[in-house]
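**Student:** One-letter residues, chain by chain:
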Amino acid sequence: MSERGLTADHVSYAYASGTPVLHDVTARVASGGLVGILGPNGSGKTTLLRLFAGLLSPLEGRVLLDGIDMKMLPRRDVSRRMAMVPQETQLAFDYTVLEMAVMGRYPHLGAFEIEGPDDIDIAREALRATGTLHLESRLFTSLSGGEKQRVVIAGALAQLGKRGPHFLLLLDEPTASLDLAYQLEIRSILAALNHERGLTIVVSTHDLNLAASLCRDLILLDRGRVLASGPTASMLDAELIRRLYGVEVDIATNARTGRLTVIPVSRASDARSS
Amino acid sequence: MAAHTKSLILAALLGFVVPLCVESPLAQTPPQRIISIIPSTTEMLFAMGAGPRVVGVGNFDRYPPEAGTRTKVGGLVDPDVERILSLRPDLVVMYGTQTDLRTQMNRAGIPIFLYRHAGLADITTTIRQLGVRVGSVKESTVLADRIEADIADVKRRVAGRPRPRTLLVFGRDAETLRGIYASGGIGFLHDMLEAAGGVNVFADIKRESIQTTSELAVARAPEVIVEIGIDTASTSARNLRAWDALPSIPAVRTKRIYELRGDGMMNPGPRISASVRRMAEVLHRDAFTGSDPRTGGGLQGLGRTATSDPRTSTGVRPR
Amino acid sequence: MNVGRRIAATWLLFGSCAVLACLLAPLVGSTRISFWRVFDSSVPFTENTDAQIFFVARLPRVLAAAIVGSALAASGVVLQALLRNPLATPFTLGVSAGAALGAMLALTLNLSSGIAGFSAVPLASFAGSLGAVAIVYALARARHRGLSTNVLLLAGVTLNSFFSALILFVQFLSDFTQTFRTVRWLMGDLDVSSYVPLMAAAPPIALSFGAFAVLPRSMNLLSVSDENAATRGVDVHRTQRLAFLSASLATGAAVSLGGPVGFIGIVVPHLVRLMVGADHRLVLPAAAFGGAAFLVACDTVSRTALAPLEIPVGVVTAIIGGPFFLWLLIRSR
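Chains as they are written, first to last, in my numbering: chain D, 1 to 274; chain Z, 1 to 319; chain X, 1 to 333.
Possibly wrong hints are sitting among the right ones.
[Stated by the list, open to error] Computed list of chain Z residues with no C-beta within reach of chain X, every gap over 10 Å:
#1 A67
#2 T71
#3 G96
#4 T99
#5 A152
#6 R161
#7 E175
#8 R178
#9 V199
#10 T213
#11 R253
[Stated by the list, open to error] Cut-off 20 Å, straight-line C-alpha distance, at most; resulting in silico cross-link-like pairs (EDC-like, lysine to aspartate or glutamate):
#12 K162(D) - E125(D)
#13 K71(D) - E227(X)
#14 K71(D) - E3(D)
#15 K71(D) - E47(X)
#16 K255(Z) - E47(X)
[What the hints assert, rightly or not] Some chain X residues close to chain D (C-beta under 7 Å, calculated; not the full set):
#17 V3
#18 R5
#19 A9
#20 P216
#21 R217
#22 E227
#23 G233
#24 H237
#25 A278
Honestly, the hints are just simulated from the structure, not real lab data. These numbers come from a predicted model, not from an experiment. For each residue, glycine too, the CB sits at the ideal point set by N, CA and C.
Please model the entire structure based on the sequences and the hints provided.
**Tutor:** Here is the structure:
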């Protein structure tokens, strides 16, 4: 049981140019969890997420999915249960919203198979779940940033197709560059996907408040190393945040939402040189 | 050299035609240091005995062989002005289209003779004009007269005979039927064909060169095909086999396809009468019994370059 | 919006366009021929002018146009997906420059003898294109296991410039006739007048089309991003390799057959996308058939507009292509 989910086991990674990105990172995403990878820009969040997604191979260490080294798992099997939403999607071609969602079904199709009515239904259901069904005939490129992001999430949902912690959704900075209203929307969509559908969700973000309000567990990354990891309440500690961001903060529970909020106060006096 | 001679001719065929203009009246003494950058005028000068006074020739001027010993000063597109000036010429024979060179010669005060490429008759006209210009009036008159007489003789021999419809090809991708260029209804190649007793299948198209597609060749149905200006090393047999793809062409059916190799064939110079004769010989063999290779005064042979195929050494190769 | 049905409809509609073009075009030309006389078997072939014109002069030419048009349009689609850029053409990555250099050299050196009945210029041209592909591929692979599309683009553009310079140099060295011939070759020439060049070009193009057949779904994913494709089960490196090599092979063979006929690789994909959308399972077959019909039509114009003279087919496609893009630009404002 403890093996279910994603595990990074003493993972190190560097770019082809030699720039080191992650050092000896060990982190766990429990099955059914809602985990945030938190850290400032350049801390290696996206790289860790991509390692979890199987897009990258670690130079040292292993990445395990349900206890099995991901290098051993067939790419197709992984793509049927794990979907990734990148930070932004730029299109050079005029795909419609529905076509984008249906692309999520491709891993489930045979070599020359064409998506059937079931697949279309799943795709449309996914669009409905993210509130974008009414856009299905529109061109993806004509949407606003928030709409685009929701459509991409819908595509990821269509890819997973089912419910349960066996299916994983990975998102890279899902709210960066979005308006406040859309940020809230994305937040509640993700929360619902985890609570109601039971999906395992991993989010990489530098937004402290998103992490605070959404994630149950956090992995704090500081310049490629794990600073700390554990339940959100423990991780959102003023001292940890000062070390991570060089900022003095107040952490409070908001009366209206009942959720933790982080309020930046000032730069730390012994600010890190970053 | 064959290809380069032909190249300059082709340059003219493709539309570089400028009104002839003989600059500056006859000087007191005839020019002693002549530069000619055009293969045909170089030949003309040597043929009229002005060779010793030629100090510079074009890059592609190889005939007569003595011309090869003179300093090379460039060609149509790239005349070497520095070298021309360094030879201190008192006459430069150039194309009328070479406006830059003309300007520079005018600026240097060097007299020039402008050459225009045109029809068959203009060849002897140019010889005469050039003769006057360089002070070789007698020799040039003799030369021109002899050429005209030769051509007239050919015309006489073929007069009254049925004139075959002929396709005159001067360029083709070797061993294929692609990139066929044939003579249109104007220009000296067309004149040559008519003088040799043939009728140009493209006589109605008033262009000097026509890119002939296979459909066009079939549609015009020539009775004879004459190929000149061939510069491939491939043997005639192999090269001509390409025409077998179009057996409905009468020339192909009756096997009347002739290759006339040799670099003189397309040169509008003093050897032109020999070329006309060679062409007439294949069109009307029976009018030229005993193959009489009149060299026509002052010429050094008929431009029959030896090829690897002995059967073409006489310049006539019935298909 | 059943994709399966739309795919079938696309094949049917565009396929019949292409077939129709190929059937009608040989009957049209500067010389009038009679359909009945062409197929009149009582007249021996060697005397049947109409049949000769149809079977020897026109039909190979129409088939060549179909093959070249199809190959260039399809390759255009594949490369646009690979490079994620709808302005990419089959010539962007240097393949046609390599083919042109090969052809220039063959024309300038007056290479005459081919191999096994295939003549020198197309062979040299094909060899040149393969050389260019090899160089670009090696350059693009140098740093990574897969093909970085940025490096690919850069390598291709660099090679284009370099080969173009070499081509100019070769033209400078050659005499006037050869220069004219090479310039003329660059304008495209489909007058093959024999089935041999078609048989030579068919195998590599067929091979490429075989690869194209398995690409469309992956191309949908890849055209969004590498990540999008990788997280959805596509072997990105392998697919990129397959797309690049097959599109380059088809382009090289097409250019060797008919010269570098421009605009097909970008006009046809654009037009097709306006009609069927962006799904490559529709775009690719539509472009393949549409490209064939398009070039057959252009070739027919090229040999009838100024009859008996012929406009080089590359000039016809350029005359159509230029205003087309102007129209696109105006329309999109």
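**Student:** Now look at each hint and say whether the structure bears it out.
**Tutor:** Outcome of the hint check:
Under the 10 Å C-beta cut-off, the non-interface status given to A67(Z) relative to chain X holds; the minimum distance is some 17 Å. With a cut of 10 Å on Cβ distances, T71(Z) stays outside the contact zone with chain X, its closest approach being about 20 Å. With a cut of 10 Å on Cβ distances, G96(Z) stays outside the contact zone with chain X, its closest approach being about 17 Å. Its beta-carbon lying about 18 Å from the closest one in chain X, T99(Z) satisfies the requirement of being farther than 10 Å from that chain.
The beta carbon of A152(Z) is kept farther than 10 Å from every beta carbon of chain X, the shortest such distance being approximately 31 Å. Distance to chain X confirms R161(Z) as a non-interface residue, since its nearest Cβ pair spans about 26 Å, more than 10 Å. Not every CB of chain X lies more than 10 Å from the CB of E175(Z), the least distance being 6 Å, so the non-interface label is violated. Chain X draws R178(Z) into its interface by the beta-carbon criterion, the shortest separation being 6 Å against a cut-off of 10 Å.
For V199(Z), the condition that its CB be more than 10 Å from all CB atoms of chain X holds, with the nearest at approximately 17 Å. For T213(Z), the non-interface assignment is contradicted: its Cβ lies about 5 Å from the closest Cβ of chain X, within the 10 Å cut-off. With a minimum CB-CB distance of about 6 Å to chain X, R253(Z) fails to clear the 10 Å threshold, and the non-interface call is violated. Restraint check for K162(D) and E125(D): the C-alpha separation of about 11 Å stays at or below 20 Å, so the hint holds.
For the hint pairing K71(D) with E227(X), the CA-to-CA distance comes to about 17 Å; that is within 20 Å, so the pair holds. A threshold of 20 Å between alpha carbons decides the hint, and for K71(D) with E3(D) the separation of about 17 Å falls inside it, so the pair holds. With a C-alpha separation of about 71 Å, the suggested pair K71(D) and E47(X) falls outside the 20 Å cut-off, and the hint is violated. Using a Cα cut-off of 20 Å, the hinted pair K255(Z) and E47(X) holds, with the two alpha carbons roughly 14 Å apart.
At about 5 Å, the closest approach between the beta carbon of V3(X) and any beta carbon in chain D falls short of 7 Å, and the interface hint on this residue holds. Annotation: interface hint on R5(X) violated; nearest CB of chain D at approximately 9 Å, more than 7 Å. Against a cut-off of 7 Å between C-beta atoms, the interface hint on A9(X) is violated, since the closest Cβ of chain D lies about 13 Å away. This hint is violated: P216(X) has a C-beta 10 Å from the nearest C-beta of chain D, more than the 7 Å allowed.
Interface restraint check: R217(X) against chain D, minimum CB-CB distance 6 Å, threshold 7 Å, status holds. Checking E227(X) against chain D: minimum C-beta separation of about 5 Å stays under 7 Å; hint holds. The restraint placing G233(X) at the interface with chain D holds, with a minimum CB-CB distance near 4 Å, inside the 7 Å limit. With its C-beta approaching chain D no nearer than about 12 Å, H237(X) sits outside the 7 Å limit, and its interface hint is violated.
Checking A278(X) against chain D: minimum C-beta separation of about 4 Å stays under 7 Å; hint holds.
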